[in-house]
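Undergrad: In case you want the letters, here they are:
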Amino acid sequence: MDSRERDAKVLLTQLEAVPLPHVDAPLFKAQLKARLLAEAAQPARPARTARVNRPAWWRYAFVAAALLVVLAWQLMPAPLPAFAYLEIEINPAVRLTLNIRGQVIGIEPLDETARLALSELTLHRQTTAQVVAQILERLHGAALLDAASQVWLVISPIGDARPEEIDKLLATAKATVSTHAQRLIAHSPATHGLIVDRERYEVARQAALRPSHYARAARAGVSASGLQGIVAAGMRLQTAGIIPGNRLRELMELVAELVEAGLPQGEALQLVESMLVSGQGLQSVARRIERAVERIEEGQDLQEAARELREGRDQGNDKDNDDDDDDDHDEGKANERRQDKEPRREREPDDEHEPDGEGN
Amino acid sequence: MDVRSLEQEKQLVERAQRDPEAFGLLYEQNYDAIFNYVLRRTGHVETAQDIVSETFFVALRSLGKFKWQGVPFSAWLYRIAINEMAGYFRRARVGTVSLEAMHEEGFEPPSDSDVEREALAWQEEIDRHLEYHAVRQAVDALPEHYQEVVALRFFAGKQIADIGVVLGKPQGTVKSLLHRGLEKLRQTLTQARYRATFGETSTYVEKGRGAHGQ
Numbered sequence: 234m235d236s237r238e239r240d241a242k243v244l245l246t247q248l249e250a251v252p253l254p255h256v257d258a259p260l261f262k263a264q265l266k267a268r269l270l271a272e273a274a275q276p277a278r279p280a281r282t283a284r285v286n287r288p289a290w291w292r293y294a295f296v297a298a299a300l301l302v303v304l305a306w307q308l309m310p311a312p313l314p315a316f317a318y319l320e321i322e323i324n325p326a327v328r329l330t331l332n333i334r335g336q337v338i339g340i341e342p343l344d345e346t347a348r349l350a351l352s353e354l355t356l357h358r359q360t361t362a363q364v365v366a367q368i369l370e371r372l373h374g375a376a377l378l379d380a381a382s383q384v385w386l387v388i389s390p391i392g393d394a395r396p397e398e399i400d401k402l403l404a405t406a407k408a409t410v411s412t413h414a415q416r417l418i419a420h421s422p423a424t425h426g427l428i429v430d431r432e433r434y435e436v437a438r439q440a441a442l443r444p445s446h447y448a449r450a451a452r453a454g455v456s457a458s459g460l461q462g463i464v465a466a467g468m469r470l471q472t473a474g475i476i477p478g479n480r481l482r483e484l485m486e487l488v489a490e491l492v493e494a495g496l497p498q499g500e501a502l503q504l505v506e507s508m509l510v511s512g513q514g515l516q517s518v519a520r521r522i523e524r525a526v527e528r529i530e531e532g533q534d535l536q537e538a539a540r541e542l543r544e545g546r547d548q549g550n551d552k553d554n555d556d557d558d559d560d561d562h563d564e565g566k567a568n569e570r571r572q573d574k575e576p577r578r579e580r581e582p583d584d585e586h587e588p589d590g591e592g593n
Numbered sequence: 071m072d073v074r075s076l077e078q079e080k081q082l083v084e085r086a087q088r089d090p091e092a093f094g095l096l097y098e099q100n101y102d103a104i105f106n107y108v109l110r111r112t113g114h115v116e117t118a119q120d121i122v123s124e125t126f127f128v129a130l131r132s133l134g135k136f137k138w139q140g141v142p143f144s145a146w147l148y149r150i151a152i153n154e155m156a157g158y159f160r161r162a163r164v165g166t167v168s169l170e171a172m173h174e175e176g177f178e179p180p181s182d183s184d185v186e187r188e189a190l191a192w193q194e195e196i197d198r199h200l201e202y203h204a205v206r207q208a209v210d211a212l213p214e215h216y217q218e219v220v221a222l223r224f225f226a227g228k229q230i231a232d233i234g235v236v237l238g239k240p241q242g243t244v245k246s247l248l249h250r251g252l253e254k255l256r257q258t259l260t261q262a263r264y265r266a267t268f269g270e271t272s273t274y275v276e277k278g279r280g281a282h283g284q
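Keeping their order, the protein sequence lines are chains Y and C.
Residue numbers 234 to 593, in our numbering, belong to the letters of the first sequence in order.
Residue numbers 71 to 284, in our numbering, belong to the letters of the second sequence in order.
Honestly, the hints are just simulated from the structure, not real lab data.
Be aware that one or more of the hints could be misleading.
[Stated by the list, open to error] Computed list of lysine to aspartate or glutamate pairs in EDC-like fashion (alpha-carbon distance at most 16 Å, straight line): (1) Lys254/C to Glu435/Y; (2) Lys242/Y to Glu253/C; (3) Lys137/C to Glu84/C; (4) Lys135/C to Asp210/C; (5) Lys137/C to Glu79/C; (6) Lys137/C to Glu77/C; (7) Lys254/C to Asp184/C; (8) Lys135/C to Glu84/C; (9) Lys245/C to Asp393/Y; (10) Lys254/C to Glu194/C; (11) Lys254/C to Asp430/Y.
[Unchecked claim] Calculated Cβ distances over 12 Å to all of chain C for the following chain Y residues: (12) Leu260; (13) Val302; (14) Leu349; (15) Ala366; (16) Ala376; (17) Thr405; (18) Gly454; (19) Glu493; (20) Gln503; (21) Gly514.
[Stated by the list, open to error] According to the in silico footprint, chain C covers these stretches of chain Y (three or more CB under 8 Å from chain C): (22) 261–274; (23) 324–335.
The beta-carbon is built from N, C-alpha and C at its ideal position, and this holds for glycine as well.
All chains, full assembly: derive it from the sequences and hints.
TA: Right, here's the structure in full:
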């Protein structure tokens, strides 16, 4: 290798080590996208035709018309790009795509009830508050909104949304739910708000999880990969016939309960999965975890409690743990227990944000 | 990009030829790379904004004529951006780049004051990258046929094969252009460093002949 080649190699290394600027100009990006989409939405321009002799007045008329068009164009707001998803789950669930002004630019019913209940509403281009109000009225009319209803609002930013803008959207949606529900049923239903980063939202969406299914796990700090892990474990357990189908919510909650108690998410999932694989039913595992968490709250060492659960030593302490181990298919009872747990969380302060502030 | 991603991109491009919304997805996928490449080539945020705007508008208007040739869509965008930059630099060389002239050419600087403030803030950030500015000026001083090869290699992080696809040149040609371009760049940078150390009046002397050129 001669000295020139050696110098070239040195230069290569030096150049690769030069820190390059990286600009992320979200406002310009959004503005350019809006202009591009506005242009794209225009009909194709007709090809030029041969020159035609027209009377002089025609030119003035043409200029006046062009000026009017330009004026009208400038006054017309450019279409804004998608800014955030707002998923509303009451009993039916619906997903709205919002632009930065909080206008609805996309609506997707997430279940058959939503499809039927909301089919005749024209929600496009209306504000979040108007849309949420209409949805509540329609659900009330269809007897799907009452004092016992719980409302879940999940916001997931799409682009480079600022945290304060997302907070504002969520606050608007919550305030609208409260005001309109008060007017319709003289009661403000329990409203859970959650901001979820795109990654977690996509994981939940792909696994067809509703906000109520994964909100607790998300609030407990379970990451996107953690959610994926739970979904994968759920699939494994269902395929092996260990748990019945549609029980991902329970699985999520069990893992979340342990994570909330302080166990790392991987360890929590592994523990729940191993308890289920060892042949215990979902409800039995749920009760054992609930008792373990109570013991931890009373002062038992976390790792010791986890060890007891893993080795089944906690079962000796609980007299009634085998009473109805085989009734896991009784979803009614399981759901009642879950519902019983909700008010405990309701009393918590306004816990609408993920603990790590992700998603903003 | 693997075959599957290429196939997905092909479908997206075909959709974008009929559906304007799909062009938004192509924009989202490519904006960051194109914007930062143009920015690193120009070193100026507002200029980069103008060129990138024009690049995407040209792409949008020409999308109907675009024919898929089995290479990433981004290669086409890079090519448009390079043409737009060449036009920009040509105008800069003859000293006719004024805002009015750019308006006439179809450039439309973003007027929104927030966007302007954002650009100014980023410009301050970029101006702090002194080492990068020295490299950029040296790249600008290279003969034209070396500039894009070297810039795509270092400002866009492209490999030789990808540069070949963007510029429509065989890999061997790219390799030799890069080799010779680097040699020129080394000389330019050494000269610049020499000037910075010994003053503007000193003459550059190639390595081996003595630091002061005697």
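Undergrad: Decide if the proposed pair is consistent with the structure: Lys135/C and Glu84/C, CA atoms, cutoff 16 Å inclusive.
TA: Distance ~11 Å between Lys135/C and Glu84/C Cα, so the pair holds.
Undergrad: Take the C-alpha atoms of Lys135/C and Asp210/C, compute the straight-line distance between them, and say whether it is at most 16 Å.
TA: Given that 16 Å is the threshold and the Cα spacing comes to 32 Å, the pair is violated.
Undergrad: Next pair to validate is Lys254/C with Asp184/C; report whether the Cα-Cα distance is within 16 Å.
TA: violated (41 Å)
Undergrad: Far enough from chain C: is every CB of that chain over 12 Å from the CB of Leu349/Y?
TA: holds (27 Å)
Undergrad: Please verify the coverage claim for the segment 261–274 of chain Y: does it have three or more residues whose C-beta sits within 8 Å of some C-beta in chain C?
TA: holds (count 11)
Undergrad: Taking C-beta pairs only, is Gly454/Y more than 12 Å away from all of chain C?
TA: holds (29 Å)
Undergrad: With 12 Å as the threshold, tell me whether Gln503/Y passes as away from chain C on beta-carbon distances.
TA: holds (33 Å)
Undergrad: Quick check: do three or more residues in the segment 324–335 of chain Y have a beta carbon closer than 8 Å to a beta carbon of chain C?
TA: violated (count 0)
Undergrad: Decide, holds or violated, for the assertion that all CB atoms of chain C are farther than 12 Å from the CB of Ala376/Y.
TA: The assertion about Ala376/Y holds, with a minimum of 37 Å to chain C.
Undergrad: Is Val302/Y truly not at the interface, in the sense that its beta carbon sits beyond 12 Å from all beta carbons of chain C?
TA: holds (17 Å)
Undergrad: Does Asp430/Y sit within 16 Å of Lys254/C, going by the straight-line distance between their CA atoms?
TA: Since the Cα atoms of Lys254/C and Asp430/Y sit roughly 47 Å apart, the hinted pair is violated (cutoff 16 Å).
Undergrad: Minimum C-beta separation from Glu493/Y to chain C exceeding 12 Å: can you confirm that?
TA: holds (36 Å)
Hint compliance for this structure: hints 1, 4, 7, 9, 10, 11, 12, 23 are broken, all remaining hints hold.
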